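Participant: Residue-level listing of the chains:
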Amino acid sequence: MGGSTVVPTVRIQQEDFDLAEEVARLSAGGSNIGAVVTFSGLCRDEDGRLSALELEHYPGMAEAEIGRIAEEAIRRWPLTGLTAIHRHGLIVPGENIVVVIAASSHRQAAFEAAAFMMDFLKTRAPFWKREHLIDGTPGPWVDATEADETSTRRW
Amino acid sequence: MGGSTVVPTVRIQQEDFDLAEEVARLSAGGSNIGAVVTFSGLCRDEDGRLSALELEHYPGMAEAEIGRIAEEAIRRWPLTGLTAIHRHGLIVPGENIVVVIAASSHRQAAFEAAAFMMDFLKTRAPFWKREHLIDGTPGPWVDATEADETSTRRW
Amino acid sequence: MTAVKLRYFAWVRERIGTAEEDIELPANLNTVRDLLLWLQARDDGYAEALRHPEVIRVAINQEHVDHKERLEGAREIALFPPMTGG
Amino acid sequence: MTAVKLRYFAWVRERIGTAEEDIELPANLNTVRDLLLWLQARDDGYAEALRHPEVIRVAINQEHVDHKERLEGAREIALFPPMTGG
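Protein chains in written order, with our numbering: chain F, 15 to 169; chain X, 15 to 169; chain Y, 7 to 92; chain H, 7 to 92.
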């Protein structure tokens, strides 16, 4: 029953996904799952300034790097399941950008693994956001934040 | 836009609920939500030992106490939405017992508020679990754990 | 004498043998602790339920209180084990 | 001389003006740092993209490396800004 036998689900895709379906998939057949934590990162309109975010990614490495982060999470916490899905392309406000789902017998493990995944997705997964402004013009590339780096270093 | 205007959704009910529907309800119309964290607590079969958990609760106080915990979370973190649903009655393995959903512009706030809610739900909300064994007999009342008390004291 | 509703939950309820009762509190009961000691002496069920009073949680008017809390203003007093929800 | 595929992303790609290219690396380039300096000198686009080499992130064969990493065994080298996904 150890975490070592868990195989993470990692998907990089353009199309949207359904949170409930992904949770159901992760929980299927697992009658010893006590806790499921999901994190959904959504596209914001930044007070009406944005029409969309464009997400560029590094195909191949994106899957590989998120897979490595997921394996590390599975080593660190006693998980019964772990899913990470990251979208690319044009995403409009209110839509999903990313979801992480961590399942465990223990709520603390599920919370920590999901937070760990997100910190490393932010700073290690090869994705870059560019703003598209409400007037139709492409805006600037989003800058990486020091807060995200700091958050990653706590693990 | 401050957290002070957020009204939490608190429900105590016997019937199951749908995670996706509750997330959608919380997110409706909020184009400035960047992060949604959900915690689902599920009934485990404890390696096949249990046929069900029975949850007794204190009607009236359960709603009031969870409402107080939710108001405290809204005071502490810049949330854009907060939902807590706790079931009572007979719950079989694999089914939901509780869900907490926290939405915010900031992922750290959403994670922390959801973890805070769960720690206090465990130790302050008037619910009591009793095991029902696979042979059909009512088992013992579940003991409160020191780990839950410790987890609560960190806030 | 003051009339209050007493409510019991989980194994406290089972050992006392009732879920709730209306009771006249003697005027010499000042605090929650006094109430627990007075109830203990009522019969074997109460004695068994409240044998370790330090583990009993108490709510007055549906809010948690500690054992030093005074009983004035109480309309509903609930006794129960530590919570195990969530 | 070793043939490698160079890949560029986000504003590094825009400033250099191409998403990828196959390139023969001179034998005197030992580390990622050497490569960044050598590319800087190629033309104004590279110079602009790599003006602050310390912010450029590098992956060799699709794994993050730091600027002291040696280039031996590299088949694919990617240069990009700090990541902003998630």
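Don't read these hints as lab results, they were simulated from the structure. There may be inaccurate statements among the hints.
If you want a taste of the chain H side facing chain F, the calculated C-beta under 10 Å gives, among others [said to hold, decoys possible]:
hint : residue
1    : L42
2    : W44
3    : A47
4    : H58
FRET-style restraints, in silico, Cβ to Cβ [unchecked claim]:
hint : chain 1 : residue 1 : chain 2 : residue 2 : range
5    : H       : R39       : F       : P73       : 23 to 33 Å
6    : F       : R168      : X       : G150      : 44 to 54 Å
7    : X       : F31       : H       : R39       : 12 to 22 Å
Note that the structure is a prediction, hence the values are computed from the model and not measured. Quick reminder that beta carbons are idealized off the backbone N, C-alpha and C, glycines included.
Participant: Now, for every hint given, state plainly whether the structure supports it.
Facilitator: Taking the hints in turn, this is what the structure says about them:
1. Annotation: interface hint on L42/H violated; nearest CB of chain F at approximately 18 Å, more than 10 Å.
2. Hint status for W44/H relative to chain F: violated, with the closest Cβ pair at about 22 Å, above 10 Å.
3. For A47/H, the interface hint is violated, since its Cβ never comes within 10 Å of a Cβ in chain F; the closest pair sits about 25 Å apart.
4. Here the hint on H58/H is broken, as its CB sits about 13 Å from the closest CB of chain F, past 10 Å.
5. Between R39/H and P73/F the C-beta distance comes to about 27 Å, which sits within the given range of 23 to 33 Å.
6. Here the CB-CB span from R168/F to G150/X is close to 48 Å, well matched to the stated 44 to 54 Å.
7. At about 56 Å, the beta-carbon gap between F31/X and R39/H misses the expected band of 12 to 22 Å.
Violated hints, in rising order: 1, 2, 3, 4, 7; the structure is consistent with all others.
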